[in-house]
Amino acid sequence: MRIALFSDLHLDSPFAWAGPEAARKRRQSLRDTLVRIIDLALEKQVDVICCGGDLYEHDRVAPDTGAFVRSQFARAGKIPVFIAPGNHDWLGPQSLYRRVSWTPNVHVFAGALSPVSLDDGLTLWGGAHSRPAGTAGFLDGFRVDRQGVHLALFHGSASGPFFEEGKQPHAPFRAEQIQQAGLSFAMLGHYHSPRDEKTFSYPGNPDPLAFGESGPRGVAILTVDSDSDVSIERHAVAVTSVSEIRIDVADCGDKQELLARVATKLAGLEGFARLVLYGDLDTSIDLQPGDVADLPNLLIAKPVVQLQCRPAYNLEKLAAPLTVTGQFIRDVEASPLLDDDKRRVLITGLRALDGRDDLEVF
Amino acid sequence: MRIESIRARAFGPFKNAQLTLSPGLTVVHGLNEAGKSSWHAAIYAGLCGMRRGKGKTGADQQFSSRHRPWTGEEWRVDLVLKLDDGRRVELHQNLADLTDCHASDADFGGDISAEILNGNTPDASIWLGLDRETFSAVACVRQAEILDLADEDVAYALQEQLQKAAASTARDATAAQAIERLHDFQRERVGREQANSTKPLQQAKRRLELARTVLQDARKAHGEWLSLEAEANELNADSESKRRLHDQLIALRARQDSDGWNAKLQRARTIEARFPSGPPTVAEQVAVAEEASTALEQWQQRPEVPTLGGESAASLRSKIDDLPAIPIGDLEPDPKVVQFKSTYDQLNEAIKIHDRQRPQEPEVLSSRLTPETIRELAREIELGIPSVDPKLESAYQRAREQSNQPTTGSGSDGSQAASIAALALGVTLWWFGYRIGATVIGLGAFVAFVLLALRDRSASQTANPEMLNAIEAQLDSQRRAVQDAKGRIQAAQARIRAEGLPSTAAELRALADAIVLTAERRQQLTLWNSRTQSLASELQDARSKLLGELQRRGVAVEADPESAFEHYRDACRARSRQAALAASKSGLQHQLDAREAAERAASGAARRNTEVAGRLLTLDRQLGRESRNADEAVANLRAWREKHSELLAKFQQDSSEYAELTAILDGHTIQDLEAKAEQTRLRAQKLADQIRGFPHGDQAFGSGLNAEVVEQDANEASQAAAAAQARAAERSQGLVSVAEAEEEVERATLELERCRRLQSTLTETLKFLSAAQEKVHRDIAPQLASALKQWLPAVTQQRYTDARVNPSDLSIQVLDADQNWRDAWNLSHGTLEQLYLLLRVVLAGRIVTTNETCPLILDDVLVQCDRVRKLAILDALKTISGNQQVILFTQEDEVLRWAEALPVGQLIRLPDPMGAK
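Here the protein sequences line up with chains A and B, keeping their order. The first sequence finishes on residue 362 if you use the working numbering, and the numbering steps up by one all the way, no holes. The second sequence finishes on residue 917 if you use the working numbering, and the numbering steps up by one all the way, no holes.
Just so you know, not all the hints are guaranteed correct.
Straight-line Cα separation of at most 16 Å, EDC-like style, residue types lysine to aspartate or glutamate; simulated pairs [unchecked claim]:
(1) B:K643 to B:D238
(2) B:K767 to A:D341
(3) B:K767 to A:E333
Calculated Cβ distances over 10 Å to all of chain B for the following chain A residues [to be verified]:
(4) R2
(5) V106
(6) D119
(7) E165
(8) V239
(9) Y278
(10) D291
(11) T325
(12) V332
Sample of chain A residues facing chain B (criterion: CB under 7 Å; computed from the structure) [claimed, not checked]:
(13) P14
(14) A16
(15) R60
(16) P321
(17) F328
(18) D331
(19) A334
(20) R344
(21) V345
(22) G349
(23) A352
(24) E360
Hints were generated in silico from the structure; no laboratory data involved. Every residue, glycine too, gets a C-beta built ideally from N, C-alpha and C.
With the rest of the complex left out, here is chain A (with noise of 0.2 Å):
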């Protein structure tokens, strides 16, 4: 048994760190994913396509998106589909499962786990979200009532050593309740950073959503033999990249030089990009972000500028000699402000006193 096994791809999603132009191509970027998670089973030949959930995100669904789902899912043909809903699309009266007039291969779960035979002594447990928020843990008293080998399929949080930084804890479980419940593996949605452990598997997030996402996130395509063992083989069906470019600059003498560095790291990238500019700058270059963002480049959209640099100056010195600067710098160094505060007041402090007018400070 082959199982193509997906989740938070997270359709009609907003890109607030991007322009309106580019959070539109992104949002596009994830239906094309859909496209190739759909190609892909088509070409592994797999026995089931799974969805772990949060495949569109229910408060902002557009109004086409029903259509384009049905359309993939159809484009399976006999390849049954199988979609644990989760938090972002749980599953309610308004909701698009509910919706769509779904083609005879599309399996939505609702409620708590229940069965569905896959193959003979081989069954497959899924359950839903029916809220956005709040949804106990589906393991929790959950045991299965068969013999046979049994997968799961839910929208849940791994808690313990497992748990992902930054994730709301939704329908939380321990590892050792899979076998507990009977199970032999989980197949799982919720975690964005893909993570294949014994007895489960998060596919992670299949098309970019924020920047600094690593791994091999994608589709998993797990095989499952007759003596339950589980094995993964993972592929990336993501149809553009999000990148995030750190560069140092503590050495570059002027901005010419700042620039042409960049425009180097940025030569070849493609899809999205966030640059980071970081190092300690030299205090006489005027380097503001739409310098870094208006460079020829080959990406989609504009990159996204952090400036992480600060200007070389040497505070320890500048605050030693009884002069406004030192006093203004042994002031500042010694308020209560918050250390970035402070970074800013120097900074536009110092430059005003140069006579610059790049004042703002990034």
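For chain A, the structure is supplied; the task is to place chain B on it using the hints.
The following block gives chain B in isolation, referenced to the frame of chain A:
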């Protein structure tokens, strides 16, 4: 810190050139182009080095272009200094290769670069608590700064230079300028948080508010759309449910239909098997028995034949024929005719009464005089002729007699006069016709007068003349009245005679009455005649109306309306009688109808009974018996039928079954029926397969449900679902993307946060910078003032003896010889130069934060001073150099001559660039 020597291995124009400097004051003199500025720069580079890093700052590049050797790659300078702690340090600054820069202990040879690394190269100003930029700004005073003081606003220039130095020796702007710049930036790049502001902060707020509104609207619209979709989905499900129910009902009906046909087929097969040779044969006796049963049944239920009494229908019909027809015309006198007749009769009666009341014919009397005139004549002649009162006459006589005697006054004179007046009045009235009144008044007056006269006589025997005159007047009046009466009588009698009237008053009055009566009778007769004509006319009119009405009712009009009316009334009576007879025809007709019906019923019952009896007798005969009457035949047939009832029952059952078969086949064959049953079975099977089974079990399902009604419900639900779907589709049009709206809110939020952060940063910066400026100025100001006070009297030759510095802006005031405080801008330029140099010296000492003293490197700073001031400053510098090293570059001969008096080693003459000694 004191610089001992500087060696320019390769620097600007120098190649292995060296200066050895005095620890106090060193004057380096050279003409233009002798290299003073190059040595100045070399000392700075040797002491502080250059920052090491990729790329060059603008200042670095400018320094490099000015001081890099004109030839060769080497650019290097070495410097030896001695720290106040006694250490001697050698600084090797390879400016062409900044990695090759280091500091070492000149006595022990240890590398001490790490102590003073600044930008990866050694910077000896670190030992002063400064850095190379600060050192340049604090310790190096250039000619250009002094020249800046020559600007128009010299006082401000001095103040600004001080502020700049106070702000930071490395900074390009004063703190005040920086603060102003920050304010400007805040004003333009942030702005106020006011509704009418067009600056970024307010714009960001507006953008966020708008974005939030758009998001709110987008979410609301999105929610509405989802609700509509859900509603449509629900209605669609309802429609599908009803459609499914309808399909199930249809399938159920098909199955029931199939079951029915199959049952028919089985039944037909069974019946056909029982009658392989066709329908059951009807035996003759069975036919008779069946007919006998029918006849017996009819006999049993035969009706009674009624016995009819009373008048026959023929008799009634004859009576009806004899009755008259309903008459035409009035059955009783018409009220209108009666009214006309009554009017006619009343008028006849009125005429009769009127005739009896005819007045008498009047007599014929004629007179020209009216009755009133005649009566007046009668009164005239009836009046008698009055006579004169004899008493009056005698009284008159006595009065005349006494009048000749003297008279005495009498109280009754007045009364007597009044009596006389009254008497006169009575005469007058009488004369004018008021005879009765006049008579009464006259007599009263007269009697009063006489009585008074008599009383007077008794009182006095003498009459007075007035009384005599009065009596005489009265007497005359009576006498004239007598005469008048006689005249009138005579005139009346004359007129009577002339008119031929009767002579007596009574006759005259009778004549006057007769004339009046005759006139009255004549008038009455006239009125009577008029009334007679009127009644005659009314009678004629009434007669015409009466005859006209009678004629309209067919009465022959005769001369006499009375007889015509009688004829009419008699005719009404005759018609009334005929009508009463004719009215009885209807009742007779009803009797006749009822009678005829009864006679027909009786006849029919008798006939049917006869027929049934005949049929019974015939059947009885067919069975070989000759009954005498129907009752006997009935008894025979009942006995016979009892005996053959079983045979009859079997035949009836067979016939019934075969009739059932015939009905089932309905003109078709068994094979046709088999085909139909198979056809319905297949259809039922197909529909059952489509619906995948019936709900609630086959037995319970479908009862009470009508497929047509359910189909109607399904169609209506389908239409409702389609309408809801259309509403949802319409609502989805133009739906703003919630994701995009959220993104805009996020971006607007970030922009507002950026503005607020910038505002906060600028506000904090301004706060700290202002506070720093205030504090430093407050610290520096007294020190500057103290230093100025120390040196000012000497360098100004006692023209100014004291100074004070405003801590707010470092503006300076000096105290002149007249003890007046004067603002610095009022001072001469030379004095300002002196002040500035003194202040820079003070600042250099003030800014150093270590125990080291800061060398002063002055480049042609006295070029603008007059000789006196110059010498004064030089003396001051000489004094200052006792505490800190002073290196003065100059091209001035005056300074040279002054320096020539210095100890050996404190004057360095640079070679003449033109080669002269």
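Verification of the supplied hints:
1. B:K643 to B:D238: violated, 70 Å
2. B:K767 to A:D341: holds, 13 Å
3. B:K767 to A:E333: OK: B:K767 and A:E333 at ~14 Å, within 16 Å.
4. R2: Label holds. Min Cβ-Cβ 31 Å, cutoff 10 Å.
5. V106: With a cut-off of 10 Å, A:V106 remains clear of chain B, as the shortest Cβ separation is near 16 Å.
6. D119: Holds, since 24 Å exceeds 10 Å.
7. E165: With a cut-off of 10 Å, A:E165 remains clear of chain B, as the shortest Cβ separation is near 21 Å.
8. V239: For A:V239, whose nearest Cβ neighbour in chain B is about 18 Å away, the distance exceeds 10 Å, so it holds.
9. Y278: holds, 16 Å
10. D291: holds, 16 Å
11. T325: violated, 3 Å
12. V332: Answer for A:V332: violated, closest chain B Cβ roughly 5 Å.
13. P14: holds, 4 Å
14. A16: A:A16 check passes; min Cβ-Cβ to chain B is 4 Å, inside 7 Å.
15. R60: holds, 4 Å
16. P321: holds, 5 Å
17. F328: holds, 4 Å
18. D331: Holds, about 5 Å.
19. A334: violated, 10 Å
20. R344: Constraint on A:R344 satisfied, holds at 4 Å.
21. V345: holds, 5 Å
22. G349: holds, 5 Å
23. A352: For A:A352, the interface hint holds, since the closest Cβ of chain B sits about 4 Å away, which is under 7 Å.
24. E360: Check passed: Cβ of A:E360 comes within 5 Å of chain B, closer than 7 Å.
Violated hints for the displayed structure, listed by number in ascending order: 1, 11, 12, 19.
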